[in-house]
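Use the sequences and the hints to build the structure in full.
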Amino acid sequence: MGEFKVHRVRFFDYMPSAIRTMAFNSQTERLAVARADGAVEIFNFNDNFFQEKVIPGQDGRAIEALCWVGHRLFSAGLNGEITEYDLENLRPQYTVDAYGGPIWTISSNSQGTQLAVGCEDGTVKIFAILEERIQFQRNLNRHKGRIISLCWHPSSAQIAAGMTDMITIYDAETGQATRRLLVDRAMGASKNKEVVVWSVGYLSDHTIISGDSAGKVQIWNGLTGTLVRTYLVTKWDVLSLIINASQDESSVIAGTSEGTVIQFQFISSTLDQHDKEWVRTRTFRNHSHDVSALAHTDTAVVSGGMDTQLVVRPLLDKVEKNTQESALRKIAFPHRSLVGCAKKAGLLLFQFPDRLELWKLGESEGHGEQHTHTHTLGEDHICCSALSACGGWLAYSTVSSVRLYRIQYNKTISINKVPKLPKELRSVHQLCFSSDSSKLFASSCQSSVIVVAVSQQECRYLHTLKHKTGEWKARMHLLCASDDGKWLATANTDCEIHIYNLHKMKLHCMVPVYNSCPTTIAIHPVTNNLISVHADQQIFEFSLVQKEYTQWSRRLQTQGLLSLWLERDTPITHITFNPKNPDHIILHDTYMFCIIDQSLPFPELNAVLWNQMTLKNLPVSQRIGQSHAFKICKIFQHLMCVSLLEDLSLVVVERPLLDIMSQLPAPVRQKKFAT
Amino acid sequence: MAALYEGYTLCGLVPDQNLSSSGIQGIEEERDRDHVVVTDSTRSVTLYKVSDQKPLGSWTVKQGQKLTCPAVFNSQTNEYVAVTDNKCVIDRREHFCLFRVLFLQVSSDVWKVHCTHGGEPVVLFQRGAVRLLDSLLAAPQQPIEEVLAQEETIRWSTIIVAETQQFIIITTEQKGEHFLYLQRLNPNSVQRYRLEREEPGLSPLSFSAIYKDKHICLLYLYPNGHMYQSVLSVRGLGTEEGVQALPLPRSLLLGLPVGDGQLEAASAMALDEAHVAVVGVPHPSAGGGKDFLCIWNTNFQTLQAGKEMAGKIYGQLWSYSNKVFIPHGKTLSIIPFECPKSSLASALGKLKHTKTEESKTPNSVPSWNNILHGEKAQPSKTAETRRTRTTRKSQSTTNLTTDQVLELIKTAPVEEIQKEVEGFLTRSEFQDLQPSVGQLALTLVSRSLADPAFYSSSTLAQLVHTRCLCHSVCPDLVLLALEKKDYFLCQLCLQFFPDIPEAVTCACLKAFISMPDVDAEKVSLEPNSVTFMENLITRDRAEAGLQNGFSPTSSVVNDRQTRAEDKKKASAPSQLICPVGLHKAVLINEILQTPYSDTFLLPHLKDLSSQNVMLFLQYLQFLYLKYSQDAFPQMEGFRSPSLSQIMDWVCLLLDAHFTVLVMTPEAKGLLLNLHSFVKSQVRLVSELGKIEGSLQQLHKMKAKESIGQYSIEIIELF
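Residue numbers (the working numbering), protein chains in the order written: chain A, 1 to 675; chain B, 1001 to 1718.
Errors might be hidden in some of the hints.
As the list claims (entries may be wrong) - Here are some chain B residues the structure puts well away from chain A; computed CB gaps all over 12 Å:
(1) 1056
(2) 1297
(3) 1310
(4) 1713
As the list claims (entries may be wrong) - Derived Cβ-Cβ restraints for the label pairs, each shown as a range:
(5) 1711(B) x 494(A): 35 to 45 Å
(6) 1531(B) x 324(A): 32 to 42 Å
(7) 324(A) x 1688(B): 38 to 48 Å
(8) 503(A) x 1711(B): 37 to 47 Å
(9) 247(A) x 1711(B): 45 to 55 Å
(10) 620(A) x 1642(B): 31 to 41 Å
Said to hold, decoys possible - Output of the computed footprint for chain B on chain A, the stretches with three or more beta carbons under 8 Å from beta carbons of chain B:
(11) 9-15
(12) 631-637
Just so you know, the hints here were simulated from the structure itself, not pulled from any lab data.
As the structure is a computational prediction, the values presented were derived from the model and not from experiment.
Heads up, the beta-carbon is just placed ideally off N, CA and C, and yes, glycines get one too.
The following block contains the structure:
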């Protein structure tokens, strides 16, 4: 295959934000994760844990709690507001101020009719959930001290509220506190420090389970208000606690400041006995820092915290062993590309939540890169950005606005904002320049694609591409224009891929819907075939002209991909092509990049997928017989982007996980080996 | 390795009040090895039977009289000669029954009466004159000349028999100078020597003389621990009366550890050519106490055995028939010892088992169990337990058994020897074996050499099997076996002896190669090595791969090309024919595995005839091909030459006979083949060298791996 010159780039200081809280919707199998910068991410647990939606954050929006009500997602934060999100257009739909100071917790009743929020001023406020909005109903009796945690009884008749030094049980009807459970403070020196009940759970048999800052998990009888059992699980805080409410409420997990997740199960301590009790069963240690967010799915424990990684730990008694399903999964990087690459100009665009960085690659061996920062002005975070192939244009978008910049360089780089943008460009999800940089495509809120002509002189609205009126609501998360300027492909989170004919400015066709979300799409510059890679790691090639899957794609499907390929746990996020050799498709995930040579046979099902070492050691004459279509290179790790420049040199943007870990704050001190 | 065994008490002592002397004047051997005459320092002479530890009779001189020198036993006439108040007394009666005493009044004071076993008593006068007792009896009042100068006094004297000639050795002191007189009897002649001065004020503590290699060796110990040896020639004794003293050359034999201060009551005695018993000298690893009896090997200057003696040491020591008589405290102890012929191998601990033996020997006590049932029971390690008389007795009987077996070997027929030796071997404890096995083998070999009709193969094989033998202990064994065409014994020796000289190895090789195959097949050899060779010769390719279901890949030669070449030449390995017969091959294998040093081997190798060399080379080639082609593993549990041993021998042979081989037309093909071996080996080594380089590179690469923020690299995809 040959040699490649590789620009190995490690100066992208991407730093994911800490996971603050999460909520799992067991009906839709979606996990909502809120990060410390206010961003909310939606993971689809049905589709290979694909991160299908990201709602960008905002300065000052500190989400403390998330709550699913049916398909609706609510959040509450320390800014005192309750927010409902528009999950189609990926932005806050509305916010309601609770007027109780910072909100620590939010919880809905089992019927999904009422929302309780716990406020700093010690009130529990009940909101009625209506169509399209929520409405304040009433306050429960106020107590001194903040409400840290809340949990509804499944019957919706009671609410348990965790406070400092105690747990209060309210009658949801009357609003009166019926019981007060006093929580012991920690022993020893911290006796004077008040104990915070960080998390509370309310079971249908009126058992209350609490986790507090003294490191205790306590089990109470909610009817009598008596303490049943205390487990001291850590020297530090038990930050989060969750019950597998969707199932039989027989398992509770608690996350601690030490990074451990501890499972308690309601089982009989001896066999053949019916009196069950809560027993500490398992300890998972997958985090280095606070575990502040937990979710309990039917089969797995999902945890996240300060160390920014989302960890899905399958419970081995619930899944089949030694399958992909039973594998531990750590999600450390976003499932979308944050790097833009101008192939002709050798520029790199790095997207951070609050800024963009533009870098120029070195010409030779020397490290001659220059860079420029572009700062956003508003408090909204960037949701998408694009760099034209010629390197002359840069566009980015926040939830509320789009900006376009003209980049010029004569010795020094000058970046000028293009002043007047068409009104239609207001809130977009994805931006994309045509290959000749004359057009900018933007997927818009109205599930449409806006085409804007950009030139030196002006920026002019051309057209809005819509395939049908009305019912199509899913937003488009991927855009891709063909090199010849004729085609535009769009993909949305409903797994639909549409092809538009840009000459005629109308829908050309729709690719047959596959049941897994496309993670990236690209149109081949020579053959005009659409390559799509999906969250389940399948690869398809669709001929735009013939409107059918190509022979290659059919052969691939017939033969099937190797299990090693299918079991990779990070999605392909970018595809490029080799302009000199149309057979080569270059794609990458976090841990490898792969050049698919369409002229070579597929590997046999029992073949070695990563055969580069074997090939290397064979004499040249024998390599042909041994090689197959997948050329995988694992030299570079934690890839953010792999792209092929026009001069055929590869650009590899790495972000080593170790670098991320080293920038995290110090974890809680743990005594190790008598230090 | 010399060994001291558990001692036993012969009798109690009555030392004088200040413990300065032991109360014993001397101990002399009586009619046989089991009887000794002990003369105490005052009036009595006692005859003891050593093995029974009991007195058989005693004889006291009259009140007022005093014995002035140890009584001796004249075995020719069965009479005792004692000296009272410097006058001779002859007791002609059996067993001290005070029957007839002859007093002999001589004209000069007697110093001592000496008598060798079976020899005539010799009277030594205080002024240095020497008379045979018979001549004195004939003329008691004959004039006695004065040999010594004025103020010269005798310090010590002894008698030594050298080739039927009796010598009296006298050491004297005159004004701090020490002289030595070597007095020959019949015809009488005397030679005077002057001992070199040690540090001023030091006079020798003890003397000991021994006859070896036609010389008299004189050992003397000084208080500073230096032990010197002087060698006196027996032949070159001048006939004229030596008036002027020749200087006596000496050599420092041992520098014994002295501890603090100087030795006071110490004594050294030569036990045989190489061993010295020393008493009253500290044990080098036991602090400053001087109450030790030690046996030193003077050849290697190593301490061979040591034993702490309870009570005061008087610096007296006698030794008769492998027993040391030593007065200490208030007892006279007898300590049996053994000084087998020592070899360097055993001295350095190279011989197997010497180590364990060394640690156990001093305390070893045979137990009744072993003696009665021949069990190889755990050697009892009880160190200082109280021993009963019976145990002591049993000890001595075992020792006697060794001697008896030795005696037996000298005369008995083969079958009896075989039976006895076998019995002896099963009876004896392992650690006792080494000294005695050497003796047995030596005696057997010397008898076989002397008597061509006598040869006991199985007995010798049995002895070799004990692994207590080595070539230096019994140097004639291998050649004897070769001479007798006892190839099985040869094989055993080659296997078990670590120190076969290259000359002998070569002699064996020569014999093996030139022996006709027909003869060889008749020989029964060690089955293990035969099986190995059988496997090697008969195995075909199919079974070559499989061993316990595991098929090892060739670790020796991986070079495909070489293998292809070899295959071409040998067409098919199964057709490889062993150039020598099975048994011959087994024997040659044994040669290949003996240790050697090529500088010493090479000259002997040149003696081989060119036919032999050809045959040997062909065989080596066969082995090499077998090893390399069949991916032949060194079979577990089989003794087999290694590939490198084979290659070494090929090289040695070529070195030794290269010109001859080049000139021999038949050798051409062989040489070419061997050349290809060498080539393949060279290639293998060079491949290994290449790998070494890349492995080192790999090592270095690990250290690298620091990637900056940005770099441009080249990768290659295939």
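Numbers of unmet hints, in rising order = 4, 6
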